[in-house]
Structure formats: C-alpha cells, structure tokens
Amino acid sequence: MGKAKVKIVLAEDDKFISKAYQDGLRRGNYEVIPAFNGIEAVEKIKAEKPDLILLDIIMPDKNGFEVLEEIKIIPELKNIPVIFLSNLGQETDIQKGRELGAVDYLIKSNFSMKEVISKISEYLK
Amino acid sequence: MIEKDDNLKSGIAIKITISFFIILLLFGIVIVSFSKIILKKELLAGGADQELLAETLNSFTLFSTSIITFVILFSCVAAYFIVHIINRPIKKLEKAAREFSNGNFNYRINVHTSDEWTVLADSFNDAGEEVKKLRKNEKDYNLKLENEVETKTSELKKLLKGVEFDKDEMDKQRAAILNILEDTYDAQQNIKDTNTSLQNRQKELEAIAELSKKLSMKIDIDGMMATVREFVGNFLDFNCLGFYIFSDDKNVKVVRRFLNKKTGVNVLNGLEEIMSDFLSQENKKEKKEEIEKSFKEALFGEQKSKIILGGNFDDFEVRTFKLVSGGNAMGAFCLLAEKNKLNKDIDRILNTISSAVSVAIAGARAYNVSERSKTESLIYSLSNGIIMYDEHQKVALVNPAASLLTGVKPDGTGMDAFLSSAKVQNVDFSYYLKEAIKNGKYSHVETLNINESYFEVFINPVTDAVKKRFGAALIIHDITQIKLIDRMKTEFVSVASHQLRTPLTAIKLFTEMLIGKEVGELNKDQQEYLENVYESTERMVRLVNDLLNVTRIESGRLSINPEPTDLSKFLKSVISEANPLARLKKIAIDFNSKGKIPVINLDVNLVRQVFHNLITNAIRYSGQKNGRIKISLKKHNAKNVLISISDNGIGIPENVQKRIFEKFYRADNAVKVATEGTGLGLYVSKMIIEQSDGEIWFESKPGKGTTFFVKLPTKGMKKIEGERGLAIS
Numbered sequence: 001m002g003k004a005k006v007k008i009v010l011a012e013d014d015k016f017i018s019k020a021y022q023d024g025l026r027r028g029n030y031e032v033i034p035a036f037n038g039i040e041a042v043e044k045i046k047a048e049k050p051d052l053i054l055l056d057i058i059m060p061d062k063n064g065f066e067v068l069e070e071i072k073i074i075p076e077l078k079n080i081p082v083i084f085l086s087n088l089g090q091e092t093d094i095q096k097g098r099e100l101g102a103v104d105y106l107i108k109s110n111f112s113m114k115e116v117i118s119k120i121s122e123y124l125k
Numbered sequence: 126m127i128e129k130d131d132n133l134k135s136g137i138a139i140k141i142t143i144s145f146f147i148i149l150l151l152f153g154i155v156i157v158s159f160s161k162i163i164l165k166k167e168l169l170a171g172g173a174d175q176e177l178l179a180e181t182l183n184s185f186t187l188f189s190t191s192i193i194t195f196v197i198l199f200s201c202v203a204a205y206f207i208v209h210i211i212n213r214p215i216k217k218l219e220k221a222a223r224e225f226s227n228g229n230f231n232y233r234i235n236v237h238t239s240d241e242w243t244v245l246a247d248s249f250n251d252a253g254e255e256v257k258k259l260r261k262n263e264k265d266y267n268l269k270l271e272n273e274v275e276t277k278t279s280e281l282k283k284l285l286k287g288v289e290f291d292k293d294e295m296d297k298q299r300a301a302i303l304n305i306l307e308d309t310y311d312a313q314q315n316i317k318d319t320n321t322s323l324q325n326r327q328k329e330l331e332a333i334a335e336l337s338k339k340l341s342m343k344i345d346i347d348g349m350m351a352t353v354r355e356f357v358g359n360f361l362d363f364n365c366l367g368f369y370i371f372s373d374d375k376n377v378k379v380v381r382r383f384l385n386k387k388t389g390v391n392v393l394n395g396l397e398e399i400m401s402d403f404l405s406q407e408n409k410k411e412k413k414e415e416i417e418k419s420f421k422e423a424l425f426g427e428q429k430s431k432i433i434l435g436g437n438f439d440d441f442e443v444r445t446f447k448l449v450s451g452g453n454a455m456g457a458f459c460l461l462a463e464k465n466k467l468n469k470d471i472d473r474i475l476n477t478i479s480s481a482v483s484v485a486i487a488g489a490r491a492y493n494v495s496e497r498s499k500t501e502s503l504i505y506s507l508s509n510g511i512i513m514y515d516e517h518q519k520v521a522l523v524n525p526a527a528s529l530l531t532g533v534k535p536d537g538t539g540m541d542a543f544l545s546s547a548k549v550q551n552v553d554f555s556y557y558l559k560e561a562i563k564n565g566k567y568s569h570v571e572t573l574n575i576n577e578s579y580f581e582v583f584i585n586p587v588t589d590a591v592k593k594r595f596g597a598a599l600i601i602h603d604i605t606q607i608k609l610i611d612r613m614k615t616e617f618v619s620v621a622s623h624q625l626r627t628p629l630t631a632i633k634l635f636t637e638m639l640i641g642k643e644v645g646e647l648n649k650d651q652q653e654y655l656e657n658v659y660e661s662t663e664r665m666v667r668l669v670n671d672l673l674n675v676t677r678i679e680s681g682r683l684s685i686n687p688e689p690t691d692l693s694k695f696l697k698s699v700i701s702e703a704n705p706l707a708r709l710k711k712i713a714i715d716f717n718s719k720g721k722i723p724v725i726n727l728d729v730n731l732v733r734q735v736f737h738n739l740i741t742n743a744i745r746y747s748g749q750k751n752g753r754i755k756i757s758l759k760k761h762n763a764k765n766v767l768i769s770i771s772d773n774g775i776g777i778p779e780n781v782q783k784r785i786f787e788k789f790y791r792a793d794n795a796v797k798v799a800t801e802g803t804g805l806g807l808y809v810s811k812m813i814i815e816q817s818d819g820e821i822w823f824e825s826k827p828g829k830g831t832t833f834f835v836k837l838p839t840k841g842m843k844k845i846e847g848e849r850g851l852a853i854s
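Chains A and B, in that order, are what the protein sequence lines are.
Using this note's numbering, the letters of the first sequence correspond one by one to residues 1 to 125.
Using this note's numbering, the letters of the second sequence correspond one by one to residues 126 to 854.
Simulated from the structure, these hints should not be mistaken for laboratory data.
There's no promise every hint is true.
Here are the in silico distance ranges between beta carbons for each label pair [to be verified]:
(1) B:Asn-574 with A:Glu-69: 23 to 29 Å
(2) B:Val-549 with A:Leu-124: 46 to 52 Å
(3) B:Asp-541 with A:Ile-74: 47 to 53 Å
(4) B:Ser-718 with A:Leu-124: 35 to 41 Å
(5) A:Pro-75 with B:Lys-759: 52 to 58 Å
(6) B:Val-549 with A:Asn-79: 38 to 44 Å
(7) B:Ala-621 with A:Glu-99: 23 to 29 Å
(8) A:Leu-124 with B:Leu-706: 26 to 32 Å
(9) B:Tyr-790 with A:Asn-79: 47 to 53 Å
(10) B:Lys-759 with A:Phe-16: 46 to 52 Å
(11) B:Val-549 with A:Glu-99: 22 to 28 Å
Note that the Cβ used here is the ideal one computed from N, Cα and C, for glycine as well.
Work out the full structure, taking the sequences as your base and the hints as a guide.
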C-alpha cells in the first residue's frame, strides 16, 4: 500500500468550479471530497477529518465563515489548515477570514490551478 | 494906454535915430581908418618923410573926422524928422484904434495923402463902419429877442394860470395812491407769509414723509424710536423724550427714554407707571392739558426741576401723544421741553409724528405677523426636521417633520430621549447646541442611526435680522433612503463580483487544464485557440476587478489600512511579481534605490495596485523587444519620497496626454500594442495616490519612452475606516 493520499475537503457550491478543482487536485494526487453547501461541508469535515480544507464563502444553507466557526470549536478539527477560496475580495472579508483562523484567503478568479496547488502544498508542509 | 502909445511912438523914432547914428559912426571910423592907411601907404610910396607924414595924417584925420561928424549929425537929424513924419499917419491910426477899443466906432480917420496910408485908413474906417453896423444889428436883435421872450413869457403865464394845480386835490390823490400802495404792500406781505408758511408746511410734510419712509423701513421698535428721536431732535431742543409701547402680545412693554440735554438724573424714571396711567386715563376722556399737567407734576415736581433741569417748574412743559392704530392703543410717547421752545407749529408736527409712528408700528406689526406666518408655514411644510432652541437652550420650535423623524413633540417632550440615543452613538447635541448659541459655531453630524433610521444633522446658530443670535437649530435630514440605496449598491457590487467571477473562474480553470494538456494532447491550432480563450478570460477577470475598484473608490468609502512599509523591499516584491510578464516580453527591469529611504505607513494593497499597474503598463507598452525599464526610488525632499518608472517604449502622444488618467481612456497607440487594457488602471492609481496625499504624473516622448513619477508623503497614509478594500487583481 502506498502512502495515504492527502485528503482535501472542497466546499464549493458552483458545480463547474467544483469539478475543475476536483480534477485538478486529483491530478495533483490529492483525494478530494466535495461538499456543495455549508451543512454538507460541516458533515463531510466531521466525517472525513481532512488534511486541508478549501472553503468557499458564499454557499447555500451556511456560508464559509459559519462553517469555519463551527469546526473551530471542535478540538479534533480546529487545527486543520483552512484556505478560503472565494470571489469576494473585500478587505473586510479577508480580515474576517483571518480572524476566524484561516491560513489563507485566495480570490479564485485571480489564481490559476497551479498556483492554488502550490499554495496547498505550502500549507501542508 | 495913450501914454504908452506916445512912448512907443517916440520910442520908435529915437530907436531908429540912435541905431542910425551908431551904424554911421562905425562906418565913419572904418572909412577914416581905412583912408588913413591908404594915405599913409601912398605917402610912403611917394617918399614923404615922417614929419610930413604925421602932419598930413593929422590934418587928414581932423578933416575927415569933422566931415564924418557933420555927416552923421546931419543924417541923424534928418532921420529923426523923417521918422516923425512917417509916424503921423501911424498916430492917427493909433488914435482910431484906441477909439475902437473904447467902444467908439464912430471915429473916422482923416487922411489927406493918397498913398498906402489911404488904403489902410480906409480899411480901418470901413472896419469901424462895419462894427458900428454889427453892433447896431446886435442891439436890434437883442431887442427883438427880448420882445419875443416877453411875449412868450406872458403867453406861458397865461397858460400856467389856466392849468393851475389844485394843490389840495393833488395831495388827496397822492394820499389815496399811497394807501393803495400800502394795502398792496400788506397784501404782498401776507402772501409772502402765507407762502413762507406754506413752504414750511411743505417742508414739514416732506420731513414727515421722510420720517414715515424711514420708519417704514424699520421693523423693530428700537429702530423706530431711535429714528423718531433723531427727527424730533432736528427741530426741537427737547430735554427728554420717552416712549412706552406694548409688545405684540401685550405682555411686555417696551420703554425707551432719550435725553437730549444733560440732566443729573433721568427725570423719566417711573415712566412706565405714569405712561400706563396716562393711557388708562385717556380712556376716561379727561382733557389732554390736565393730563399733561399732572404728568409734569408726577414727573418731577417743583423742586426737582430746579435741581435737575436748572430752571423753574413753569419754564417747562410736557406734551403727550397717544399711539393708536385701528382703535387700539399701542402705546404713547411724551416729551419734556422748555416752554419757550414750544409753539403751535411744533405741536402740530409732533401730532403728525405720533400718527406716523402709529402707522409705522402697526405696519411693522402686520409685516412681522405676515412674515412670521410665511416663515412658520414654510418651516411647517419642510420635509427636513427642524428643532429650534432659544438662547436659554429651551426647545422653541419643533416642526412636524422633526416630530416624525425623532419622536420629539412640538412642546419639546421626547427631546431628552432623542439626545440620549444620540449620545450613545457619541453624538453630543447638547455640546453642539451650546457652541452654536454661544459662539455661533456650525456643526455637522454625517450619520446618526436611531431605530433603524439614518439621519444627517446640521447644527446651526440662528440669528435675527439685526444679527443678534437668539438660538440654534437642529436641521435633521433623513438619509435612510440614501443609506439604503448605498447599501444596495454595495450589495450589488458584492453580488456582481461574486456572480461574474464564478463563471469566469470555471472558464479559467478548465481552459488552463486543457492548455496544460492534462486531459489530452492538443494540436497546434487547438492550443492556440485555447490560449486565446484563456487570455480573453484573464482580461475579463481584470475588468471585473477594475470595475469593482472604481466603484469602491468613487463611493468614497475606501478603507485605508496603513502599515509601516519598507518601500525598497516592497517595490522589489512588486517587480518580482511582474517578472514573468517582463520575461515573456523580453523586457529587463532595473531597480535602483538611492540613499536612506524612511519607513512610511502605507496601505500595501492599495500601493501595490498602483505600482503593479505602472510596471505592467511599462512592460506592455515597451513596443520593441529587448526594452528596458528603469525603476528608481529616492528621497525627494524632507517631506516626500519619489518613485519613478521609466520605459523606452511607445510613449504617449502629446495630444492625448491630458486624458491619460481618465476613466476608461486608452490612447490609440496603446490599444494597437496591447488590446487587453481596460483603461482603468491609471484612473484607479491616480485616485489611490491622491487619496494618500501624494502626486502622480508623467513625462513622455512618443517613440522614445515614458516616465511615470509617484510622490508619496513621508508622513504616510492616514487610516480610514472605510467599508471596502480594493478588489485585488
């Protein structure tokens, strides 16, 4: 058996973007568990206990901030590095993200797949 | 006269004789001497000797002298007689002349000879005759004249007798004429007097008209009273003048005293009481004079006048005038003056004045009421809330709009609640109001949130027409709608950014993976097409970012979060970000930092945006390959640092240079070279730099290159708690 693949939970409600990241990350040899809304995201994170979380902010049912708040309370989950992947670029949002404990905040449209993957590997070290 | 003539006559004869004698004598002497000389010569020539000579000479001398003497004597006598004879007719002429001169023109000269004397004598006689004739004529004429005169005189006397003056009659007539003249003169004087008094009246009326005009221009009682005082002072040397006027609501009385002459004490003390008595007394229809008398006594009594006014009680008089309009008493004024200064005319004028003042006061009141009602209507109909405070910080007015907005009732209840809910938001209206009332300070509260409503509030001092501050006003402007719209706009921007970016992200990601051949090989064309798709997508992403930035900047709510920045390090990092693009275009970037650059507080995100834009532009518009970009950083002066970015690219044509910083503007030569620019980069950069109190400008030569300069103040950027940061691209 090979080394266990790195598990990433991808919380993203847009199906195209989700597919793109899933494919891209899988090709990068990551295991990707998608979630399409906030509630599903929390469930999946609790269930899978991933090595990294890519978290969109605008999602139905629960937004990314709320998801993060929730998991940060759970001791076994709170140390998982969380990268916000969003198209909201407000200073206030970024600020909020950092305050809640995310390790980074990337604006999706500004980053290519390669750049995202390189960021991920940075935070997984 | 006769004797004179004789002498004259004799005189001539003798004179001539003597002259004759002398001439001849001289002549004789000359001849003798001459002869002697000649004889001597002859003798000597004949050879005569001395003795003979002397003898001869002597006898000659004797001889000749005797002869000469004889001749002379004879000649003289003859001469005398000749003259005498000649003189005879002259004597006769002389006598005739004498007679003529004595007035006797009857004398005639008798001449017997018939020579020139005859002619002369005849002429003389003729002259005498003529004169005689003339004299006779004259006498006759004179006589005739005398007769004429006498005749005429007697005629005149007769005439005069006829036209004999009846002296008495004439005197009577004279007297009558004089009387008429006198009467005419009197009448003339009367007319003059009437004329004068008419003129005076006219002047009075003009003056009063002028006074009325002046009064009508005043809408305050004080001003009116001062005007009247001035007017009265112009024609009457009064001692004191006092006004007593009810205010609009009859609750307050306005009392003014004016003193003209120096008095030790204000004699119109207690004026108010006296005046109100006076006004009430008049209602009982007592006689005016009696009132005035009692007034005078009340005012200063007998002793006071001596001490205070320096005169006797009876030397002064009081005049009182009621001010009435439309049957309503508005007040009164009274006047104290010396008796001898008052007269009928002045009384008349004062009466007229009191009417004028009454009219003016009534007019002013009516005007104030109408103005006030106009103003009140206005205030009550405003959609802005107005709460007015008086100078004692008591609520004076609350218009309906204010009540609606703030819940404060017209009587002022609820004001405290309002003030405290404002205080909670750190807005201290009490302080602002105090400042407005005391110091005339204007204050402004941009946003106040009370019960989900948003207000903008202005605190203004309030002054009246004569620039007296009498309170302050809160002007409350409901901006809830505006806030809502603003919030909607913000949300729209948020939504738009999210909604636009989402599909763009998907496109980018998939295209990227296709180009990366992660899902299969591509032929050359497929590769190229996909690359084009990718580039276009990138453009759209940039456009969305720029649009978002513009919206945020323009809304003025850009947040600025400065942190201490090492500019050198910072610029290097921006350059390294741009390096991939530079390498692609084969452009080299040189960075040079001169001297010690102070650490400056900068919002890194914003400033990064600016320099990223400038460097990218420099790369993009470096037309030729192997271009070079020079970036330098140095201290400009004590207050600023200067960054310059120089390229050797296509430059900016002169005719478009002034438009370069315009929103969406792209010069033609730039579009040709790099189609993907949005035209927003420099606009956003300029806004960011200027909001940081910096400067951005450029120098360019088409075909040679462009240099952009950015000046940043060393004091750094100020933190602004805005709502938005920039969209990072």
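Hints, verified against the model:
For Asn-574 (chain B) and Glu-69 (chain A), the hinted distance range of 23 to 29 Å is satisfied, since their beta carbons lie about 26 Å from each other. With their beta carbons about 48 Å apart, Val-549 (chain B) and Leu-124 (chain A) fall inside the hinted range of 46 to 52 Å. At about 49 Å, the CB distance of Asp-541 (chain B) to Ile-74 (chain A) agrees with the hint of 47 to 53 Å. For the pair Ser-718 (chain B) and Leu-124 (chain A), the beta carbons lie near 37 Å from each other, so the given range of 35 to 41 Å is met.
A C-beta distance of roughly 54 Å is found between Pro-75 (chain A) and Lys-759 (chain B), which places it inside the suggested range of 52 to 58 Å. Between Val-549 (chain B) and Asn-79 (chain A) the beta carbons are some 41 Å apart, a value that agrees with the proposed interval 38 to 44 Å. A C-beta distance of roughly 26 Å is found between Ala-621 (chain B) and Glu-99 (chain A), which places it inside the suggested range of 23 to 29 Å. Here the CB-CB span from Leu-124 (chain A) to Leu-706 (chain B) is close to 29 Å, well matched to the stated 26 to 32 Å.
In this structure the supplied range 47 to 53 Å holds for Tyr-790 (chain B) paired with Asn-79 (chain A), their Cβ-Cβ distance being about 51 Å. Between Lys-759 (chain B) and Phe-16 (chain A) the CB atoms are about 49 Å apart, so this pair conforms to the stated range of 46 to 52 Å. Between Val-549 (chain B) and Glu-99 (chain A) the beta carbon distance is about 26 Å. The supplied range of 22 to 28 Å therefore holds.
The structure is consistent with each of the numbered hints, conforming to all of them.
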